[in-house]
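There are 2 protein chains.
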Amino acid sequence: MKFKINKQTLANSLRKVSHVVNAKSPILALNGIFFDVNEKGLTLVGSDTEITIKTNITENISIKKTGKLILPKFVEEIIRKMDDENIEIELISNDLVLFKSNKSEFKINGIDASQFPNIDYSLTGDLIKLNNSDMIDIINETSFAVSTEVLRPQLTGVNFVCENNVITCVATDSFRLARKNIQVNDTKDFNIIIPGKCLSEVNKLLTNNKDNIDIYLDNQKILFNFDDTIIISRLIKGSYPPTANLIPTNFECTLVINKKVIKDALDRANILSINTQNFTVNLEKNVDILSISSNNKEVGSINENLDYINYIGNEIKVSFNSKYVIEALNTFKEDNIKFQFNGKMNPIILEQENNNNLIQLILPVKNPF
Amino acid sequence: MKFKINKQTLANSLRKVSHVVNAKSPILALNGIFFDVNEKGLTLVGSDTEITIKTNITENISIKKTGKLILPKFVEEIIRKMDDENIEIELISNDLVLFKSNKSEFKINGIDASQFPNIDYSLTGDLIKLNNSDMIDIINETSFAVSTEVLRPQLTGVNFVCENNVITCVATDSFRLARKNIQVNDTKDFNIIIPGKCLSEVNKLLTNNKDNIDIYLDNQKILFNFDDTIIISRLIKGSYPPTANLIPTNFECTLVINKKVIKDALDRANILSINTQNFTVNLEKNVDILSISSNNKEVGSINENLDYINYIGNEIKVSFNSKYVIEALNTFKEDNIKFQFNGKMNPIILEQENNNNLIQLILPVKNPF
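Read top to bottom, the protein sequences are chains A and B.
The first sequence runs 161 to 529 under this note's numbering.
The second sequence runs 161 to 529 under this note's numbering.
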């Protein structure tokens, strides 16, 4: 293994693969990054066994001798801090690799390439094409709501269901639920659960532009292919709980309000949650007054009247976890948001005023009024 | 207690006093901020018993009724997040205080003012006047070197000694030492130890301008007076160990080098300290070559040749903790730094090329060559 490479090119690609690498994994080979120097260029792979990221470098590199080796994760930091434009990298004995710039020489111990797990990168299975920007929207609008509770593994992922060329993406932790619909072309039906962690990695590396991301599905795994990068993840086994029947379509009361107005008020009410895990906030519509209030016996209370755009229906008093409402509000791009209620113990549905492709559901908490 | 105040004015002053307040102190009154509304305006005090910060507001405030109360630390967050230009604050019953803006009302439980410790703010004792910018320099150039070892409390402070109108400030953790000299006018002699934590608070609140800071000294405490603010701290008892004899004045070898060149090289060498507490780096001058090297059996090695400006003396090999050298280099404003050596086990002295008011001493470590 011997090659010369542009420092910035290598640093960028190492950054892509290195953050899934757990430098404290008990499997020594997985502490490192797999370097495969071949006739076409350099392939880098990082893996935590559940998620694998592979990226190819074919430009700004000159190959003198091919070879494979696992190098420790901190080579990313070494490369980033070297101060030359180009770096020479060479296997000099056994598993010892020399990194050479104009004035510095690092010698780093690697691990034999045969220790790295065998991973199948073949582009097989059903193909789904999505715009990068649609993929990023789906992830930002749903994956925050997945559960962290490993006892119900299905809820730690986002359920993607395709029927009649509409993909419905649902995430829930059983206290709140996010649902996004998106139209696609000529796509086979499927029903899968993608781990939230995998979607978060895709989000980090995907560029928000007009390019497409290719997604390959087989029974057990999913493969994302974009730019020079492949991300592979296992799928979560089992069936996702049915959720369609949880989402009401008729409502007793509807409030339309500016997103910033209600977010700022909830933010202030949250101050009283100091020293507690209790983010309960009350929303009350009474004659012409819409108010937010919160109460913490030890600390004090807040009451605030809010300007709103429109309200239809009877008076209502409802209590909810303000953290969930703030996170739901953050997924919307429009300025004005519709809150829809059916009494004080039924799900609250949040939508944008002019677009119902995205729904955020929040379960109220027991009303302390 | 009843007054109306500009929100930003109050937020700024609360920020000044609140960061010494420990909201988890076992003494309930010290969890909060002391509000004293008097004819002249509002006085705020925060204290952790060792350090007390007091600040006065006399503008942008209209007093309707005087009074005193302790309010919890989180009122700072409430005020910061309220969205009106002015806020009305009123004691409405017992210790319950109402914060009122256009639309929001917070009611917060306070604590009776009599619970707050009695603190003497009188401006008595010997007066020392320093430029704000000199005070900031002293703190930045010395206090990083204080010890965190409570078993030797004297070393957790900076020793300020005034003799013949020169103040010498020394900090050491026994592995490295920082010493700064500064000329003053007509100042009585003194020899005190100021807690490092107190200096860090002064540094946070002092503005780097041409104003002066007044420092009042008595036997047990120090008082800093600047802008509308007073910081009071106990002094550390006991004698500071003599240090003058530790600092050599003649040297076998002198190296002059650009600060950035050596800092960047040490920064790279540090990468190899991964998974260890060992920041040992070797510096070697050999015929015409100056090199930095470091070695970590498990990880690998680095060797780097450095450009330098000037070298006088014999060959040398010396090993040191690179973290200490980097922190020492950060205190210098000039670009070129003088490293002075007396063999491989004697103190290394760092100075600026054109100014010896500031000296940084570093003890070498046992040479692994």
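These are computed hints drawn from the structure, not numbers from a lab.
Keep in mind that this is a model prediction, so the values were computed, not measured.
It cannot be assumed that every hint is accurate.
[As the list claims (entries may be wrong)] Straight-line distance between alpha carbons at most 20 Å, and here's what the computed SDA-like set of lysine to any residue pairs gives:
| # | chain 1 | residue 1 | chain 2 | residue 2 |
| --- | --- | --- | --- | --- |
| 1 | A | K241 | B | N418 |
| 2 | A | K241 | B | F439 |
| 3 | B | K381 | B | K263 |
Evaluation of the provided hints:
1. Simply put, K241/A and N418/B have alpha-carbon atoms about 18 Å apart, close enough for the 20 Å limit, and the pair holds.
2. This hinted pair checks out: K241/A and F439/B have alpha carbons roughly 17 Å apart, not beyond 20 Å.
3. Between K381/B and K263/B, the direct Cα distance comes to roughly 46 Å. Violation of the 20 Å bound is thereby established for this hinted pair.
Of the numbered hints given earlier, the model fails hint 3 alone.
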